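Counting from 0, one number per residue, gives the positions in the sequence shown under numbering that gives the first Met the number 0.
Keep in mind the hints are simulated off the structure, nothing from the lab. Bear in mind the structure is a predicted one, so any value in this text is a computation, not a measurement. Any given hint could be a false lead.
Label-pair restraints from in silico Cβ distances [what the hints assert, rightly or not]:
no.: 1; residue 1: Arg-31; residue 2: Ala-71; range: 14 to 22 Å
no.: 2; residue 1: Phe-41; residue 2: Ala-141; range: 16 to 24 Å
no.: 3; residue 1: Gly-111; residue 2: Asp-68; range: 16 to 24 Å
no.: 4; residue 1: Ser-103; residue 2: Gly-173; range: 27 to 35 Å
Okay, derived cross-link-like pairs now, DSSO-like style, lysine-lysine, Cα gap no bigger than 27 Å in a straight line [claimed, not checked]:
no.: 5; residue 1: Lys-53; residue 2: Lys-144
no.: 6; residue 1: Lys-137; residue 2: Lys-163
no.: 7; residue 1: Lys-144; residue 2: Lys-163
no.: 8; residue 1: Lys-53; residue 2: Lys-75
Ideal placement from N, C-alpha and C gives every residue a C-beta, glycine not left out.
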Amino acid sequence: MSISIIGAGAIGTAIARNLARSGISASIANSRGPRSLEALSFELGPYIRAVTVKEASRADIVFLAVPWDQVATVLKDLGPWNARVLVDANNAVEVRISTNNVPSFHAIDFGGRPSSELVAQWAPGARVVKAFNHLSAKPLAAGPKLDGGRRVLFLAGQDADAKKSVSDLIVRLGFAPVDLGGMDESRLIQFPGGPLALINLTQLDQ
Numbered sequence: 000m001s002i003s004i005i006g007a008g009a010i011g012t013a014i015a016r017n018l019a020r021s022g023i024s025a026s027i028a029n030s031r032g033p034r035s036l037e038a039l040s041f042e043l044g045p046y047i048r049a050v051t052v053k054e055a056s057r058a059d060i061v062f063l064a065v066p067w068d069q070v071a072t073v074l075k076d077l078g079p080w081n082a083r084v085l086v087d088a089n090n091a092v093e094v095r096i097s098t099n100n101v102p103s104f105h106a107i108d109f110g111g112r113p114s115s116e117l118v119a120q121w122a123p124g125a126r127v128v129k130a131f132n133h134l135s136a137k138p139l140a141a142g143p144k145l146d147g148g149r150r151v152l153f154l155a156g157q158d159a160d161a162k163k164s165v166s167d168l169i170v171r172l173g174f175a176p177v178d179l180g181g182m183d184e185s186r187l188i189q190f191p192g193g194p195l196a197l198i199n200l201t202q203l204d205q
């Protein structure tokens, strides 16, 4: 099973660190090309390899972790997906800067639709699973161990087999997966506004 990450910002890099820490090989890509990721791939080698976005899109499981305003553009030229798994690790958020230079975060309203429905619309044929988006980058990058247990990662989606693939990967990374149900439930982990967003839960070891 091949794994890739499209997006090398804070979340994409945190996912890459967890994969490398677990000895799982993956590729990573960004809009600037593989050469811009040489330092990261050297740091996380031999497990993380820098590739083009097009190459990354061919993996069996593709993590998408780019700013929301770039999602549609990134997905436009990719595919066909042929029922491969697309992990939507994005949050549909608008950042506004006040006159005092203080950022504030505002959820984008899609008329009640969860943002992952739009991701599925822009990636026809992909089996979309919402996951790896509810934590900020720092605790995600810190890894799975927390307070005598495993850090919880939520997931949601319509396809049971796709969710199982993502859930199994979450377990391999050492985290504790919690399946929230169908794609409508992804709004629970959407930042900002979702009641489970930024909630750093632990599943205690027995």
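Hints and how they fare:
With their beta carbons about 19 Å apart, Arg-31 and Ala-71 fall inside the hinted range of 14 to 22 Å. Between Phe-41 and Ala-141 the CB atoms are about 22 Å apart, so this pair conforms to the stated range of 16 to 24 Å. Take Gly-111 and Asp-68: their Cβ atoms lie about 21 Å apart, and the range 16 to 24 Å holds. The supplied range of 27 to 35 Å is met by Ser-103 and Gly-173, whose beta-carbon atoms lie about 34 Å from each other.
For the given pair, Lys-53 sits about 34 Å from Lys-144 by alpha-carbon distance, which is inconsistent with the 27 Å threshold. The straight-line distance between the Cα atoms of Lys-137 and Lys-163 is roughly 26 Å, inside the 27 Å bound, and the hint therefore holds. Our distance criterion of 27 Å between C-alpha atoms is met by Lys-144 and Lys-163, whose separation comes to about 22 Å. Distance restraint check for Lys-53 and Lys-75: the Cα-Cα separation of roughly 11 Å lies within the 27 Å cut-off, and the hinted pair is therefore satisfied.
Hint 5 from the list above is the single one not met by this structure.
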